[in-house]
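Full structure from sequences and hints, please.
Protein chains in written order, with this note's numbering: chain A, 30 to 319; chain B, 30 to 319.
These are calculated hints, taken from the structure and not from any lab test.
A hint or two may mislead.
No distinction is drawn between identical chains; accordingly, a pair holds when it is met within one copy or between any pair of copies.
For lysine to any residue, the following SDA-like pairs were computed, each having C-alpha atoms within a straight-line distance of at most 25 Å [said to hold, decoys possible]:
no. : residue 1 : residue 2
1   : K175      : A248
2   : K56       : R84
3   : K175      : R256
4   : K319      : H307
5   : K176      : G163
6   : K319      : N203
7   : K36       : I204
8   : K319      : A259
9   : K319      : R240
10  : K319      : Q236
11  : K176      : D253
12  : K319      : S245
13  : K36       : G201
14  : K319      : N239
15  : K278      : N288
16  : K175      : N239
17  : K278      : A296
18  : K176      : R240
19  : K176      : A248
20  : K319      : R252
21  : K278      : A293
22  : K176      : Q198
23  : K278      : R240
24  : K175      : R240
25  : K176      : R237
26  : K319      : L243
27  : K278      : V300
28  : K176      : S249
Being a predicted model, the structure only gives us computed values, none of them experimental.
Number of protein chains: 2
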Amino acid sequence: MTAPKFKKIVIFGVGLIGGSFALSLRKAGAVHEVVGFGRSAANLQQARQLGIIDRIGQDIAAEVGDADLVLLATPVGQMADIMARIAPHLGAHTLVTDGGSTKSDVVRDAYAQLGSRVGQFVPAHPIAGAELSGAAAAGADLYLGKKVILTPLPENPAHTVARVQAAWQACGANIHLLTHTEHDAVFAAVSHLPHLLSFALVHDLAQRDNRDLLLSFAASGFRDFTRIAASSAEMWRDICLANREALLKELQAYIAELNRMSTALAAGDAVRLEQTFHAASELRSGWTEK
Amino acid sequence: MTAPKFKKIVIFGVGLIGGSFALSLRKAGAVHEVVGFGRSAANLQQARQLGIIDRIGQDIAAEVGDADLVLLATPVGQMADIMARIAPHLGAHTLVTDGGSTKSDVVRDAYAQLGSRVGQFVPAHPIAGAELSGAAAAGADLYLGKKVILTPLPENPAHTVARVQAAWQACGANIHLLTHTEHDAVFAAVSHLPHLLSFALVHDLAQRDNRDLLLSFAASGFRDFTRIAASSAEMWRDICLANREALLKELQAYIAELNRMSTALAAGDAVRLEQTFHAASELRSGWTEK
Numbered sequence: 030m031t032a033p034k035f036k037k038i039v040i041f042g043v044g045l046i047g048g049s050f051a052l053s054l055r056k057a058g059a060v061h062e063v064v065g066f067g068r069s070a071a072n073l074q075q076a077r078q079l080g081i082i083d084r085i086g087q088d089i090a091a092e093v094g095d096a097d098l099v100l101l102a103t104p105v106g107q108m109a110d111i112m113a114r115i116a117p118h119l120g121a122h123t124l125v126t127d128g129g130s131t132k133s134d135v136v137r138d139a140y141a142q143l144g145s146r147v148g149q150f151v152p153a154h155p156i157a158g159a160e161l162s163g164a165a166a167a168g169a170d171l172y173l174g175k176k177v178i179l180t181p182l183p184e185n186p187a188h189t190v191a192r193v194q195a196a197w198q199a200c201g202a203n204i205h206l207l208t209h210t211e212h213d214a215v216f217a218a219v220s221h222l223p224h225l226l227s228f229a230l231v232h233d234l235a236q237r238d239n240r241d242l243l244l245s246f247a248a249s250g251f252r253d254f255t256r257i258a259a260s261s262a263e264m265w266r267d268i269c270l271a272n273r274e275a276l277l278k279e280l281q282a283y284i285a286e287l288n289r290m291s292t293a294l295a296a297g298d299a300v301r302l303e304q305t306f307h308a309a310s311e312l313r314s315g316w317t318e319k
Numbered sequence: 030m031t032a033p034k035f036k037k038i039v040i041f042g043v044g045l046i047g048g049s050f051a052l053s054l055r056k057a058g059a060v061h062e063v064v065g066f067g068r069s070a071a072n073l074q075q076a077r078q079l080g081i082i083d084r085i086g087q088d089i090a091a092e093v094g095d096a097d098l099v100l101l102a103t104p105v106g107q108m109a110d111i112m113a114r115i116a117p118h119l120g121a122h123t124l125v126t127d128g129g130s131t132k133s134d135v136v137r138d139a140y141a142q143l144g145s146r147v148g149q150f151v152p153a154h155p156i157a158g159a160e161l162s163g164a165a166a167a168g169a170d171l172y173l174g175k176k177v178i179l180t181p182l183p184e185n186p187a188h189t190v191a192r193v194q195a196a197w198q199a200c201g202a203n204i205h206l207l208t209h210t211e212h213d214a215v216f217a218a219v220s221h222l223p224h225l226l227s228f229a230l231v232h233d234l235a236q237r238d239n240r241d242l243l244l245s246f247a248a249s250g251f252r253d254f255t256r257i258a259a260s261s262a263e264m265w266r267d268i269c270l271a272n273r274e275a276l277l278k279e280l281q282a283y284i285a286e287l288n289r290m291s292t293a294l295a296a297g298d299a300v301r302l303e304q305t306f307h308a309a310s311e312l313r314s315g316w317t318e319k
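In structure tokens form, the structure reads like this:
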């Protein structure tokens, strides 16, 4: 596959996601110039020193008019504001994509803020580790063999989807297409709920007087179950709120499942417990991350 | 430390826990002869071929009378039966320990089945991985640097606790003392509840028509959170039932925590969500398995 060519890319949020996007496209020889915007001047300077971006952007209006591609790689809570600021200045051929972990809220923001330019925005969610952050964590191989989900809008002309897809493919990613509603339902179940459950378990322990004793006997099962509870509180607050409806539905289903298990346990129902555990064990043993 | 000397050890259940105990004591030069009993003739033969045991036991009465130490390393559900069978034949100097993951139930069984011999039984719980099973999974280093919790009984003379402690120390383990009630409360919180929660999440997904789609997008967070859901259904059924009361208490506390988070999420209470996640993230980031 021939790498696409982008003369100029503008990245908002030059951290793990945004920085790795830039480095990956550079490695593929797919980009000529990268301009970075962000809240932290120190992080942007580091990004420039690390060769992730060529320039630190000063003037949004001046930078996005002639850009080929704009990547929004900030926390999703900040995207509406950035969309509002770029909308009046987007060139006719400038495409926009994002790296947000939720899609329905970003799409809602896009309709509200981009107006008649919304067809230039192709939403994306790269499935890549998010435990590290900042430009220093970025790498040219982050997306290699990873999934990137695009949730195109009815307003997207086919060539805009193809070109955004080509950019993520140039990063080494495998592309999957879902609607934004499907996307959010899937990730509520397999990502957002597990994070919330892991936070809840550790928070429950954190409130206890004997937490040090408890933690001193925690072992590998606890370690793996709670690894994601070390994630960024701010980021996961935003994700949970952004995907609130789908997540609440999953959470209620899970609480109902726990109530059924509590009933079986209280009744000493060995058969029911074993059936439940067995169905889980069979499914999990047969699953491997692809 | 000089290794203790055991002329003869009898092991019931020569799997990961029992087999590793034998191999570890052999490596330490602490045992002369190991006799194994178990439900599976094939596993016992393999244990003999692997040099884990010297002989397959045929007659419990004949073997436990002159044994220095008996290890019960079967699932906890089978221990009462084995205790009943060894009780009439235990020598006056034969000590008994076990490898069960729950302690209050095993102690209850010991009082019921061992009668006046109960002072010869020093309950133990080695904290070592349990995802593999069978003699083939056993190794001489399984307990190296791991915790073994002893929950001595008021009836144990001090020298019996010291000698059983020395046996586990000879396996390379670090010894901790708790009461059996403390033990079960601690492990309900940091081990049994997380296992039940992980089983519940995967079981919930297993019931759905779109489970293949969901699992195809599951990533590293899901992978780690659900690793323990691949554990043995039979073993965890027994553990959950054996520690039913403490586990029910933990489960109810956790459901209450989830209901609070559900309320915060439904209300869009960003501050409450972030506080909860932050407390968890701080605690988990500062914790490392010792």
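So, going through the hints one by one against the coordinates:
no.: 1; hint: K175 / A248; in the structure: between (30 Å within a copy, 10 Å between copies)
no.: 2; hint: K56 / R84; in the structure: within (18 Å within a copy, 63 Å between copies)
no.: 3; hint: K175 / R256; in the structure: both (20 Å within a copy, 20 Å between copies)
no.: 4; hint: K319 / H307; in the structure: within (23 Å within a copy, 31 Å between copies)
no.: 5; hint: K176 / G163; in the structure: within (21 Å within a copy, 38 Å between copies)
no.: 6; hint: K319 / N203; in the structure: within (11 Å within a copy, 39 Å between copies)
no.: 7; hint: K36 / I204; in the structure: within (23 Å within a copy, 64 Å between copies)
no.: 8; hint: K319 / A259; in the structure: both (24 Å within a copy, 17 Å between copies)
no.: 9; hint: K319 / R240; in the structure: between (37 Å within a copy, 15 Å between copies)
no.: 10; hint: K319 / Q236; in the structure: between (37 Å within a copy, 21 Å between copies)
no.: 11; hint: K176 / D253; in the structure: both (23 Å within a copy, 18 Å between copies)
no.: 12; hint: K319 / S245; in the structure: between (34 Å within a copy, 7 Å between copies)
no.: 13; hint: K36 / G201; in the structure: within (19 Å within a copy, 62 Å between copies)
no.: 14; hint: K319 / N239; in the structure: between (40 Å within a copy, 17 Å between copies)
no.: 15; hint: K278 / N288; in the structure: both (16 Å within a copy, 13 Å between copies)
no.: 16; hint: K175 / N239; in the structure: between (41 Å within a copy, 21 Å between copies)
no.: 17; hint: K278 / A296; in the structure: between (27 Å within a copy, 14 Å between copies)
no.: 18; hint: K176 / R240; in the structure: between (38 Å within a copy, 18 Å between copies)
no.: 19; hint: K176 / A248; in the structure: between (31 Å within a copy, 10 Å between copies)
no.: 20; hint: K319 / R252; in the structure: both (23 Å within a copy, 11 Å between copies)
no.: 21; hint: K278 / A293; in the structure: both (23 Å within a copy, 14 Å between copies)
no.: 22; hint: K176 / Q198; in the structure: within (10 Å within a copy, 48 Å between copies)
no.: 23; hint: K278 / R240; in the structure: between (31 Å within a copy, 16 Å between copies)
no.: 24; hint: K175 / R240; in the structure: between (37 Å within a copy, 20 Å between copies)
no.: 25; hint: K176 / R237; in the structure: between (40 Å within a copy, 23 Å between copies)
no.: 26; hint: K319 / L243; in the structure: between (35 Å within a copy, 12 Å between copies)
no.: 27; hint: K278 / V300; in the structure: between (28 Å within a copy, 21 Å between copies)
no.: 28; hint: K176 / S249; in the structure: between (28 Å within a copy, 12 Å between copies)
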